[in-house]
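Student: First to last, the protein sequences are chains A and B. Mapping of the first sequence onto this note's numbering: residues 95 to 616, in sequence order. Mapping of the second sequence onto this note's numbering: residues 95 to 616, in sequence order.
Source of the hints: derived by calculation from the structure; they are not laboratory data. Virtual Cβ for every residue (Gly too), placed ideally from N, Cα, C. There could be a bad hint or two in this list.
Computed spacing ranges between beta-carbons, pair by pair [to be verified]: (1) B:212 <-> A:612: 39 to 47 Å; (2) B:111 <-> A:115: 35 to 43 Å; (3) A:113 <-> B:534: 31 to 39 Å; (4) B:265 <-> A:206: 54 to 62 Å.
There are 2 protein chains.
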Amino acid sequence: MADTAYKNLDRCRAFTALKRLSPPSLKKLLSAERIKSCSIDAGGGLRYNYAALPVDEKIIAALAELSEEQQLIPKYEALLRGERMNTGEDRMVLHHLARGAFGWKVGEAGKEQGEFYRSQLARITDFSKKLHKGELTGSTGKEFTDVVQIGIGGSDLGPRALYLALEGCCEKHMRAHFISNVDPDDAASVLAEVPLETTLFILVSKSGTTQETLTNHQLVCHYIMENAPEVDPARHMVAVTSETSPLASSTDFLESFYIDDYIGGRYSSTSAVGGTVLSFCFGAEVFKTLLRGAHEADSLARSPDIKSNAALLDALIGVYLGNVLGYRVSAVLPYSQALVRFPAHLQQLDMESNGKQVDRFGKPVSYPTGPIIFGEPGTNGQHSFYQLLHQGTEKVLLQFIGFRENQRSLDNRIDGFTSRQKLNANLAAQIVAFARGQENDNLNRNFPGERPSSLLSGQALTPESLGALLAHFENKVIFQGFLWNINSFDQEGVQLGKVLAKQLLAGTEDPLLQSYAELLGI
Amino acid sequence: MADTAYKNLDRCRAFTALKRLSPPSLKKLLSAERIKSCSIDAGGGLRYNYAALPVDEKIIAALAELSEEQQLIPKYEALLRGERMNTGEDRMVLHHLARGAFGWKVGEAGKEQGEFYRSQLARITDFSKKLHKGELTGSTGKEFTDVVQIGIGGSDLGPRALYLALEGCCEKHMRAHFISNVDPDDAASVLAEVPLETTLFILVSKSGTTQETLTNHQLVCHYIMENAPEVDPARHMVAVTSETSPLASSTDFLESFYIDDYIGGRYSSTSAVGGTVLSFCFGAEVFKTLLRGAHEADSLARSPDIKSNAALLDALIGVYLGNVLGYRVSAVLPYSQALVRFPAHLQQLDMESNGKQVDRFGKPVSYPTGPIIFGEPGTNGQHSFYQLLHQGTEKVLLQFIGFRENQRSLDNRIDGFTSRQKLNANLAAQIVAFARGQENDNLNRNFPGERPSSLLSGQALTPESLGALLAHFENKVIFQGFLWNINSFDQEGVQLGKVLAKQLLAGTEDPLLQSYAELLGI
Numbered sequence: 095m096a097d098t099a100y101k102n103l104d105r106c107r108a109f110t111a112l113k114r115l116s117p118p119s120l121k122k123l124l125s126a127e128r129i130k131s132c133s134i135d136a137g138g139g140l141r142y143n144y145a146a147l148p149v150d151e152k153i154i155a156a157l158a159e160l161s162e163e164q165q166l167i168p169k170y171e172a173l174l175r176g177e178r179m180n181t182g183e184d185r186m187v188l189h190h191l192a193r194g195a196f197g198w199k200v201g202e203a204g205k206e207q208g209e210f211y212r213s214q215l216a217r218i219t220d221f222s223k224k225l226h227k228g229e230l231t232g233s234t235g236k237e238f239t240d241v242v243q244i245g246i247g248g249s250d251l252g253p254r255a256l257y258l259a260l261e262g263c264c265e266k267h268m269r270a271h272f273i274s275n276v277d278p279d280d281a282a283s284v285l286a287e288v289p290l291e292t293t294l295f296i297l298v299s300k301s302g303t304t305q306e307t308l309t310n311h312q313l314v315c316h317y318i319m320e321n322a323p324e325v326d327p328a329r330h331m332v333a334v335t336s337e338t339s340p341l342a343s344s345t346d347f348l349e350s351f352y353i354d355d356y357i358g359g360r361y362s363s364t365s366a367v368g369g370t371v372l373s374f375c376f377g378a379e380v381f382k383t384l385l386r387g388a389h390e391a392d393s394l395a396r397s398p399d400i401k402s403n404a405a406l407l408d409a410l411i412g413v414y415l416g417n418v419l420g421y422r423v424s425a426v427l428p429y430s431q432a433l434v435r436f437p438a439h440l441q442q443l444d445m446e447s448n449g450k451q452v453d454r455f456g457k458p459v460s461y462p463t464g465p466i467i468f469g470e471p472g473t474n475g476q477h478s479f480y481q482l483l484h485q486g487t488e489k490v491l492l493q494f495i496g497f498r499e500n501q502r503s504l505d506n507r508i509d510g511f512t513s514r515q516k517l518n519a520n521l522a523a524q525i526v527a528f529a530r531g532q533e534n535d536n537l538n539r540n541f542p543g544e545r546p547s548s549l550l551s552g553q554a555l556t557p558e559s560l561g562a563l564l565a566h567f568e569n570k571v572i573f574q575g576f577l578w579n580i581n582s583f584d585q586e587g588v589q590l591g592k593v594l595a596k597q598l599l600a601g602t603e604d605p606l607l608q609s610y611a612e613l614l615g616i
Numbered sequence: 095m096a097d098t099a100y101k102n103l104d105r106c107r108a109f110t111a112l113k114r115l116s117p118p119s120l121k122k123l124l125s126a127e128r129i130k131s132c133s134i135d136a137g138g139g140l141r142y143n144y145a146a147l148p149v150d151e152k153i154i155a156a157l158a159e160l161s162e163e164q165q166l167i168p169k170y171e172a173l174l175r176g177e178r179m180n181t182g183e184d185r186m187v188l189h190h191l192a193r194g195a196f197g198w199k200v201g202e203a204g205k206e207q208g209e210f211y212r213s214q215l216a217r218i219t220d221f222s223k224k225l226h227k228g229e230l231t232g233s234t235g236k237e238f239t240d241v242v243q244i245g246i247g248g249s250d251l252g253p254r255a256l257y258l259a260l261e262g263c264c265e266k267h268m269r270a271h272f273i274s275n276v277d278p279d280d281a282a283s284v285l286a287e288v289p290l291e292t293t294l295f296i297l298v299s300k301s302g303t304t305q306e307t308l309t310n311h312q313l314v315c316h317y318i319m320e321n322a323p324e325v326d327p328a329r330h331m332v333a334v335t336s337e338t339s340p341l342a343s344s345t346d347f348l349e350s351f352y353i354d355d356y357i358g359g360r361y362s363s364t365s366a367v368g369g370t371v372l373s374f375c376f377g378a379e380v381f382k383t384l385l386r387g388a389h390e391a392d393s394l395a396r397s398p399d400i401k402s403n404a405a406l407l408d409a410l411i412g413v414y415l416g417n418v419l420g421y422r423v424s425a426v427l428p429y430s431q432a433l434v435r436f437p438a439h440l441q442q443l444d445m446e447s448n449g450k451q452v453d454r455f456g457k458p459v460s461y462p463t464g465p466i467i468f469g470e471p472g473t474n475g476q477h478s479f480y481q482l483l484h485q486g487t488e489k490v491l492l493q494f495i496g497f498r499e500n501q502r503s504l505d506n507r508i509d510g511f512t513s514r515q516k517l518n519a520n521l522a523a524q525i526v527a528f529a530r531g532q533e534n535d536n537l538n539r540n541f542p543g544e545r546p547s548s549l550l551s552g553q554a555l556t557p558e559s560l561g562a563l564l565a566h567f568e569n570k571v572i573f574q575g576f577l578w579n580i581n582s583f584d585q586e587g588v589q590l591g592k593v594l595a596k597q598l599l600a601g602t603e604d605p606l607l608q609s610y611a612e613l614l615g616i
């Protein structure tokens, strides 16, 4: 690992070579044979299909060279071995370790960090079992039925997306709700719906200082005291926080589960941040199965062969389209209603990780980095923004996700076909329509085609495939960060707004802040 | 109106003049005085503030000339008077008329279309009253408690966004749920939660041929017959459709409410498409108040003075930033949890309307048209994608929305400030942080600023301000369509995918479709 060298994308010979190649026409490229052959195991039963992307063998070869020149696999291995890849904050990056070990120890100062993650998982498992057996009850002696996660950003988006994704395929012990926004209407709408006597709250803040989360904690406690004086908030609340945070030593909580500084918020869904709520709702075995799927994807991402490494190839093709062909926006389009909030999670994961303008040495980069990410489930999106995707003037890279089976049992043959068949027929049709287009002399009805897309598909959305899906995108984002030579693990760009908001509340004399404050009636 | 001339943006002298002007530095431009003075009445108690946009008096003057040269107001007036502005489909565009008349009659072939909208609204009002008085009950004699809207695209996104926006400020007679996706897991998850005996379904499809909606209708009927044989589906289902659709003559419905061909799906929230579910849930008076707010915004949009016409100025500045300064993505950032799905509605409204590459005469345009739209509520977004907005390499135009008051009564002073104060302090801080930035020798902590944003703000999110908010964006989109000389009212780009999906199910021999079908197990 001592040999890894960090340089910017535009300093790579392979990138210069890549820019000289002509992208193939998708209309000409896409064939039945290509669809069959361009498919890679992505873990958890998922396949990554890149047939409808404008990359021929020459470009693939150039991408392989780029992967080698930028030492993507050695850097990924270094990360897995505990090198301090979060350079800005001088920290290791260990979310992979929270889902499985690779046969070596990782840690600093004599600590084995894998042991720490395993011990927290064991504590969550025990606690979940007590909840489900009814050994742990609310302060009035009733079994818990509902759980409310109070957290924001990574403590909200990932866990929420995963909860919604698993609701249809896992037996539910408890219902989950989420409070994130400092807008008090968010907490009010959730609190109006939950039975306080049988609700367990999970407060999630790594630092224990997140303004929104601490405020919502107090708001919830006030609400309980006013509306259910028989309920003792401290016996209805657990914390997920770091061992050094102010929350860890608080007596406000029935129990605390710990995270550490080596897992950033947006990568924390497979730590106690996601593990607590998912284990409470679906049982710890479901969460562990999700971890297995993620670990399988993490393991596959170690392959130096780009044709057998889905996350790596996805990352490389994304950078080719972004930095050579000018695609600056990417749409995530799951043909699965259960993944309704998965695009919102990927939006944070990708945009907060790679929305950077300085390299890992703090120098400005001279090329575009992380793209804009948005998306909604299909077929809903087809009736919304697909018009622009098909006939607009913007270039958007499309990332489809699909499954062969339903999660739930409801389906019927209506007009000859099941809803599943219709759903997947639409997915197949869209990929072809985007790539091939269709000529029409009436230009208003002309489809130019040449719109690139990839497809991640599997048998069904299960804890295992969901874990692999999550890890696929995490690893893709990390590989792209290596390609751009940026630090994908800090987020200094979120600081200034926080600082100014505090100054405003502290009575700043800043005329701009004051004027907007007046306008907003603060 | 006979004088209106249609020409492409790049043929406008005013646009050429605009391109020659240098945009001002936001850091230098933004001042307390500017924040106070750059504020326009947007209707419904809303103000549109454009202080933090890089437009000085010279640019404003050039935009005013562009407005005049492209005859934006005469074209809007022509639309209001019933000219066939939907050229592709040769139809009038009358959603404005559904919320209020302007003192003249609109219609063709002797019909007065305003009368039609008023009569449907009266029928919805009567029906709602009967529901709320308990005069209309389910087939087992129980009062209805829940309503499920079955619809997709414009029959889902707008009504759903408005329902969620009003839930916190209006008394609720019935709870609403929504089934949209042809993925049967969508219907299954909703049906598992509603009490069938007391649930009223609203089937919404203008044409009566929408594949997803018809399939979900049948799926729901099967489900009721299997799970609640005592419930008669036909007495638990109303339709919203056009008078000529196959649904209109069906006996499957307790009642049908009508829409016409002059209101496109994405503009239909203020027609029976949104009016039915909103009136059932909140009472017809709430819906009528929303219409009043929208009508006020529609009326303000008639002003030829761009400094007193919020929608017009918003549209012009958007085109300036998009077509001169290179902003191709716009983020909608409501600091209101109640507006959680409003960005998803605007995504359809804008991207389906203006994601076009041919002008209204069917010739290719040579410039970018409609932008990518995405967004999430603040402060949630701050902990997600704001990193990229502050420090990324992409240009994103920001559209903030905020209110002085909460919708619900829950709030507390915690650490000295209410949640509302913290929410709005964050909003004010973000606008300033984006515009002004902050220098730091550590470039990883440097904020370049110069990030433009606008702010729509009001006292509170109410039916009236919500109506104005909706109409503001509808009118903005229409003005931008006029600027680009495109037809904002058709959506030919959604056809090809539908056609191919049908071919696939019909047993196509198309090898590409077949290969993807095999991959997806169809």
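Student: Check the structure against each numbered hint from earlier and tell me which ones fail, lowest number first.
Tutor: none
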